Amino acid sequence: MGKVAIITDSNSGITQKQGKELGIFVLPMPFMINEETFFEDIDLTQEEFYEKLETGANVVTSQPSPESVLNLWKEVLGEYDEIVHIPMSSGLSGSCQSAMMLAEDFEGKVQVVNNQRISVTQRQSALDALSLAGKGMGAAQIKDFLEKDKFNSSIYIMLDTLYYLKKGGRITPAAAAIGTLLKLKPVLQIQGEKLDAFAKARTAGQGKTTMINAIRSDMENRFGGAASDNIWLQVAYTKDREAALAFKEELLSEFPGFPIQVDPLSLSVACHIGPGALAVACCKKI
Amino acid sequence: MANTIDAKLLSKMFLAGAKNLEAKKEWINDLNVFPVPDGDTGTNMTLTIMSAAKEVASMENPDMLSLCKAISSGSLRGARGNSGVILSQLFRGFTKVIREKDALNVEILADAFEKAVETAYKAVMKPKEGTILTVAKGGSVRARELAEEGCEDLSYFIDEVIKYADEVLERTPEMLPVLKQAGVVDSGGQGLMQVLKGAYDAYLGKEVDLSIPVVTHVKAMQSGADAKTEADIKFGYCTEFIIMLTRNFNIKQEIDFKAYLESIGDSIVVVADDDVVKVHVHTNDPGLAIQKALKYGALSNMKIDNMRLEHQEKLFKEQEAAAEEQKKEKTPHKETGFIAVSAGDGINEIFRGLGVDHIIEGGQTMNPSTEDMLNAIDEVNADTVFILPNNKNIILAANQAKAMTEGKKIIVIPTKTIPQGITAIINYVPDLASGDNEVAMNGEIGNVRTGQVTYAVRDTVIEDKEIKQGDYMGIGDSGILSVEKDVTDAAFRMVQEMMDDSLELISIYYGAEVTEEAAGILKDRIEEAFPSCDVELQYGGQPIYYYIISAE
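One line per chain: the protein sequences are A and B, in this order. Position one of the first sequence corresponds to residue 1 (the working numbering), numbered consecutively onward. Position one of the second sequence corresponds to residue 1 (the working numbering), numbered consecutively onward.
A portion of the hints provided could be inaccurate.
Okay, derived cross-link-like pairs now, SDA-like style, lysine to any residue, Cα gap no bigger than 20 Å in a straight line [claimed, not checked]:
#, chain 1, residue 1, chain 2, residue 2
1, B, K523, A, L182
2, A, K52, B, L503
3, A, K183, B, Y296
4, A, K183, B, P332
5, B, K258, B, Y296
6, A, K183, B, G520
7, A, K183, B, F530
8, A, K248, B, D345
9, A, K183, B, C533
Take a look, some chain A residues computed to stay more than 10 Å from chain B by CB distance [what the hints assert, rightly or not]:
#, residue
10, D41
11, L102
12, L184
13, A246
No wet-lab data here; the hints were simulated from the structure. It should be emphasised that the depicted structure is a prediction, and the values quoted were computed from it without experimental measurement. Here a beta-carbon is modelled for each residue, glycine too, at the ideal position from N, C-alpha and C.
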């Protein structure tokens, strides 16, 4: 049994610095802003990103170049025997597809996990992979395990505005379902590969209540009960960390004793939903 | 005089009761506590009982069982407004006891009164004393006493029951402080007394006109102001002009002139200035008004409209629009559907945009009946149907429709205002079970505060606020929040009273009689006063209410 490396991309919300501390390799996601390429957390900070987004810059995400993926793998394989590669959800990006294709030339040494996670749940997958590797599992086993576990997570995101969703044109069905005369805060859900409209709210207060009810229902009906020994609970946000911390407190009073991770939402999601979004996610513990 | 009541006599008594209520309708309407133009108790109770009276009148020599069925089902279907629903439940309970009998005596009537009261109390979630319920209970208690005393004289029995119920009615202001302050007895209780008194007159053999006009079905589609039928238009020409005075027009002439106009028409307005008099009258002979006016000077700005023709046109257009509407709404079957009671094209549009399948036009001045609800439920092709009554006087009718529906699951969300209805449907989550949605929606409507601005229809004092006819009032969820001479001031003061730190969003829906510009000024004022709140302005187009404003 060889040494197994865990790779994920910057969509997981794991920063380069955290990655080094944890022992997880983080592939930075590229962004094209006004046709100039930047890399998340390398030469593009969250602040810079939002400033550009809000001033109307043309922000486009793209998947990591094959070259950057291959270079990272080759470098890592100099030190490790196997790689578990956890890209962002195949439902939201072609990154996973490309990585699987590239991995074909590595004779099973690189296992690409297609478990449809994003942001805080993708982060949890990387941490799970690390702990499975620590227990002595091989890369193929870990991939298998994570893919079987893929539906045991749930994310709800409340948007401050429909503007970016409409502008991106990317999630039209969801946006269309919410079209009305009134100003509304849509609540979206990510289940597996789908990013879909879930509910709507008039105020942030209502939206938060809707998300709390939904996540509780998932815990109880899908993940075997709302207990902290069973569930990871996470909060994610775009731009407004203070609001996220306040939401964390609200969640703590609903789910006392749960450790709650708070992370910024990955920028590739943020560029479609805009600033001021709040998300709650949960994963069943492995 | 008969000492028992058979089906024939009961039928006569019922019709007489209905007629008497109808005759006293306006008087009962005036007992309304709030001086707002709203769902009047007299009108609602009359429409309710008339729905049954029509069925009763169409039966020749009915037997007791079919008579009871007509009374019970007719009034249940026609029930409108809270007092109408309670009245229909009183009839339902009453007829349950007597339907198997051939003739009624004191003993049976005492049982029937008791059953009536018991049934009506059950229909109301939180029965309130000092209302029609208390009056009915008083009557039934006295009836039981008399029966136990061995009373056999029916005439004496009915007379005593009515006397005692009247005493209870007189005491209702002591039980409900709002009645006391407004200086009135409970209007629903008074309505019930009129039914009983009319019935008693028929029993005594007094001459009563029992003909029930075959009224064409009054659809809730018509909003309050338009609900007049053609027959209601007594004077056909709306006549307006200005007299440019060439002769003296002092207070004496003004009174004489008004008196003359009153002799030929109604809806009279005569406003005199130093050299002009503005005149408005509805009359069947505009020429007379003009001739009289010419004695005081030359006329200008003359305008005469035939209101009967206009009314027909309006009705025709409404029918067309309604037919169009319903055609569109033949939708494929779905799991869950929504019905909302709404008034105003803007608000209708908002509800449709939020996924409401069927809109019942109605609300404050025109409470839809249980039958209107049942028709709407029929129209919505869904297994589960949510109903948003959006008015506290319509919730009972919705619940009654729910109880009468088979084959569909009906969930009534007890929304008391339009904004509560909007919030309820926004918080509906398609992926959740209907029961979970019901709980969540019920929870959220409690977090919405609503204020509505309208005008006072008469002078009164409520909650120690003196109100003059024509004043603008802001009415919140639990009472009057502001009284002002200016409509924008009334709305603004009302919002100030509604607000606290926890609220994030103020939504303003401006009514048919408000311009967008005026509403914009109000919005700016509110925004300035509450900078931490989002303020949203929407066209509501609703009648009666200049503004409906919510804070959540």
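Assess, step by step, whether the Cα of A:K183 is no farther than 20 Å from the Cα of B:P332, and give holds or violated.
-> violated (28 Å)
Sort out whether B:G520 lies within 20 Å of A:K183, counting only the CA atoms.
-> Holds - the C-alpha atoms of B:G520 and A:K183 are around 17 Å apart, at most 20 Å.
Within 20 Å, alpha carbon to alpha carbon, are A:K248 and B:D345?
-> violated (42 Å)
Consistency of the no-contact label for A:A246, given chain B and a CB cut of 10 Å | holds (13 Å)
Taking only the CA atoms, is the gap from A:K183 to B:C533 under or equal to 20 Å?
-> Status holds; Cα separation ~14 Å.
Minimum Cβ-Cβ distance from A:L102 to chain B exceeds 10 Å = About 37 Å separates A:L102 from the closest Cβ of chain B, which puts it past 10 Å; holds.
Sort out whether B:L503 lies within 20 Å of A:K52, counting only the CA atoms.
-> violated (32 Å)
Given pair status - B:F530, A:K183, alpha carbons within 20 Å = holds (18 Å)
Satisfaction of hint between B:Y296 and A:K183, Cα-Cα up to 20 Å | violated (58 Å)
Between B:K523 and A:L182, is the straight-line Cα distance small enough, at 20 Å or below?
-> Judged against 20 Å, a Cα distance of about 16 Å means the pair holds.
Quick one: work out the minimum CB distance from A:D41 to chain B and report holds if it exceeds 10 Å, violated otherwise.
-> holds (33 Å)
Regarding the assertion that A:L184 does not contact chain B, is the least Cβ-Cβ distance greater than 10 Å?
-> Given that some Cβ of chain B is not farther than 10 Å from that of A:L184, nearest at about 7 Å, it is violated.
In summary, the numbered hints that this structure violates are 2, 3, 4, 8, 12.
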